[in-house]
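**Q** Using the hints provided, position chain E relative to the given structure of chain Z.
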Amino acid sequence: MNPMIVEGQVHGGVGQGIGQALLENTSYDENGQLLTASYMDYAMPRADDVPFYTVDHSCVTPCTHNPLGVKGCGEAGAIGSPPAVVNAVIDALHRGGHTHVKHIDMPVSPARVWSAING
Amino acid sequence: MHNFDFVKPATIADAVKALSAEGAQALSGGQTLTPTLKQRLAAPSVLVSLTGIAEMKGVCMGDDGLSIGAATTHATVAKEAAAHYPALAKLAGGIGDPAVRNRGTIGGSIANNDPAACYPAGVLGSGATVVTNRRKIAADDYFQGLFTTALEEGEIVTGVTFPIPQKAAYVKFNQPASRFALTGVFVAKFADGVRVAVTGASNDGVFRWTEAEKALSANFSASAVAGLTVSADGLIGDLHGTPAYRANLIKVLTKRAVEAAH
Chain Z
1 MNPMIVEGQV HGGVGQGIGQ ALLENTSYDE NGQLLTASYM DYAMPRADDV
51 PFYTVDHSCV TPCTHNPLGV KGCGEAGAIG SPPAVVNAVI DALHRGGHTH
101 VKHIDMPVSP ARVWSAING
Chain E
1 MHNFDFVKPA TIADAVKALS AEGAQALSGG QTLTPTLKQR LAAPSVLVSL
51 TGIAEMKGVC MGDDGLSIGA ATTHATVAKE AAAHYPALAK LAGGIGDPAV
101 RNRGTIGGSI ANNDPAACYP AGVLGSGATV VTNRRKIAAD DYFQGLFTTA
151 LEEGEIVTGV TFPIPQKAAY VKFNQPASRF ALTGVFVAKF ADGVRVAVTG
201 ASNDGVFRWT EAEKALSANF SASAVAGLTV SADGLIGDLH GTPAYRANLI
251 KVLTKRAVEA AH
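Sequence lines, in order, name chains Z and E. Per my numbering, the first sequence starts with residue 1, numbered consecutively. Per my numbering, the second sequence starts with residue 1, numbered consecutively.
So that you can see chain Z by itself, here it is in the shape it has in the complex (with noise of 0.2 Å):
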C-alpha cells in the first residue's frame, strides 16, 4: 500500500463530498432549459472550500474476505462527508436554537439554510 496515494483518495473524495453537500447542483427551469450550464452558475469546490486535512492509519482493519486483507478507497471519502456536514449544519442549526429545522436539501448553500430558519 502507497500511503500517499491513499491518502490523496481520500482528500479527493472528500472534497467531491463537500462539494455535493454544499455547491453542486444541476438546475432547470420549468421549460426544461438548463440553468447551471456553465461554471459561471454550477459551483465545483475550490481549494478554498475545503480544510487541511490530517488522514489518520492508525485504526487498521484488513478485510477478511480476499487473502491480501485490502479494501478499495477511493470512495470512501465521498460516502461518508456529505451526511457529515448536512449533520453538523444541521447541529449547528440546533445549537443556535433553530431547532424547528430537521431537513435541508443538499447543497446546503447560504440561501437555502436562511430559508430554512425563516421558514
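Think of the hints as simulated: they come from the structure by calculation, not from any bench. Small disclaimer: the values here were computed from a predicted structure and weren't measured. Be careful, since some hints might not be right.
[What the hints assert, rightly or not] Label-pair ranges, simulated between beta-carbon atoms:
{"hint": "1", "chain 1": "Z", "residue 1": "Thr99", "chain 2": "E", "residue 2": "Asp64", "range": "51 to 59 Å"}
{"hint": "2", "chain 1": "Z", "residue 1": "Pro62", "chain 2": "E", "residue 2": "Val100", "range": "48 to 56 Å"}
{"hint": "3", "chain 1": "E", "residue 1": "Asp64", "chain 2": "Z", "residue 2": "Asp91", "range": "49 to 57 Å"}
[Claimed, not checked] Lysine to aspartate or glutamate pairs mimicking DMTMM-like chemistry, simulated, CA-CA at most 20 Å apart:
{"hint": "4", "chain 1": "E", "residue 1": "Lys251", "chain 2": "E", "residue 2": "Asp204"}
{"hint": "5", "chain 1": "E", "residue 1": "Lys79", "chain 2": "E", "residue 2": "Asp97"}
{"hint": "6", "chain 1": "E", "residue 1": "Lys38", "chain 2": "Z", "residue 2": "Asp41"}
{"hint": "7", "chain 1": "E", "residue 1": "Lys189", "chain 2": "E", "residue 2": "Asp204"}
{"hint": "8", "chain 1": "E", "residue 1": "Lys90", "chain 2": "Z", "residue 2": "Asp48"}
{"hint": "9", "chain 1": "E", "residue 1": "Lys38", "chain 2": "E", "residue 2": "Asp5"}
[Said to hold, decoys possible] Selected chain E positions facing chain Z (in silico; Cβ < 10 Å):
{"hint": "10", "residue": "Gln175"}
{"hint": "11", "residue": "Pro176"}
{"hint": "12", "residue": "Gly234"}
{"hint": "13", "residue": "Asp238"}
{"hint": "14", "residue": "His240"}
{"hint": "15", "residue": "Thr242"}
{"hint": "16", "residue": "Leu249"}
Note that the Cβ used here is the ideal one computed from N, Cα and C, for glycine as well.
**A** Below, chain E alone, put in the same frame as chain Z:
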C-alpha cells in the same frame, strides 16, 4: 469567434477616431467581452483596444481626490490605491481571481455596468466622478440600470476620480459559482453624510439605499440599520437566491460594512 480587425491606438483621440468606424467596439481588459466573442454572441468588425493608451493608466492622488485611469487593472488599483483609499483597494483586490484582476480594468467594469459587478458599488458609494473623452459625469447620473450607463455613442470612459471619505468599507457575499457579488454593499462616511451603494441585488443594477444613508448619517453604527427593512420588490431572484434572501443580505452586509469601515 467571428473574424474581426484589431487596432491598439496610443492616444484617446486616435481611439475615438477608430471607434467611429462601422461596427467598432471598445475593448479594455476583455473579461466580459472576450468570453462573449468566444461564444459568438457578439460580432464587432473592429476591436479598439484601450489598454495601450498611457494617459488612461495609473493611480494618482490630487486635489480632487484619487484619480484612476480607466485602463488601470484591478490588481494595480488593489496595490496602488491602498495607501490613499483602502476600502476601494480592497474592493479591487476582491474582484474575480488573480487572472481577472490582472486583465480587467475599472473603466471596462463601469462601462459594462454588470448588475453583479463590484466597481459600480464603489463608484456610486463614493460619489465618484466618471471622466470621459467629452465630459465629467457624477456617479449618481452615470449608472442608469442593467448594463446601461450615461455613455453616448462614441464616448469612452477615460478615468474615475474618487473623493476620499473619512471611513469606508465594501463587503460582498459571493455567488458560490462565479464569485461575482450575490449582493455587495459599499458604505462611505463623508463629513456631510453617509452613502450606501448596493450591487448584485436589484433588477435595475447598482442603487443607493437612501433610508440607510439617512440613519447612518445621524448615527454611524450597525445598530442604526437594525430597525430598517428592505423591500424585496424589484430585487433579483435566481438560482442562487430569492429576492427576500437578497433583501436580507443588503441589511446584513450594510451592518458588516459599517462595522468594518475604517
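**Q** Indicate, hint by hint, whether the structure satisfies it.
**A** Right, here's what the structure says about each hint:
1. Thr99(Z) with Asp64(E): 51 to 59 Å: 56 Å, holds
2. Pro62(Z) with Val100(E): 48 to 56 Å: Taking Cβ atoms as reference, proline 62(Z) and valine 100(E) lie about 50 Å apart, which means the hint holds.
3. Asp64(E) with Asp91(Z): 49 to 57 Å: 54 Å, holds
4. Lys251(E) with Asp204(E): Since the Cα atoms of lysine 251(E) and aspartate 204(E) sit roughly 18 Å apart, the hinted pair holds (cutoff 20 Å).
5. Lys79(E) with Asp97(E): 15 Å, holds
6. Lys38(E) with Asp41(Z): 18 Å, holds
7. Lys189(E) with Asp204(E): 24 Å, violated
8. Lys90(E) with Asp48(Z): 19 Å, holds
9. Lys38(E) with Asp5(E): 15 Å, holds
10. Gln175: 8 Å, holds
11. Pro176: 4 Å, holds
12. Gly234: 18 Å, violated
13. Asp238: 8 Å, holds
14. His240: 6 Å, holds
15. Thr242: Since the shortest Cβ distance to chain Z is 7 Å, the answer is holds.
16. Leu249: 9 Å, holds
Hint compliance for this structure: hints 7 and 12 are not met, and every other hint is.
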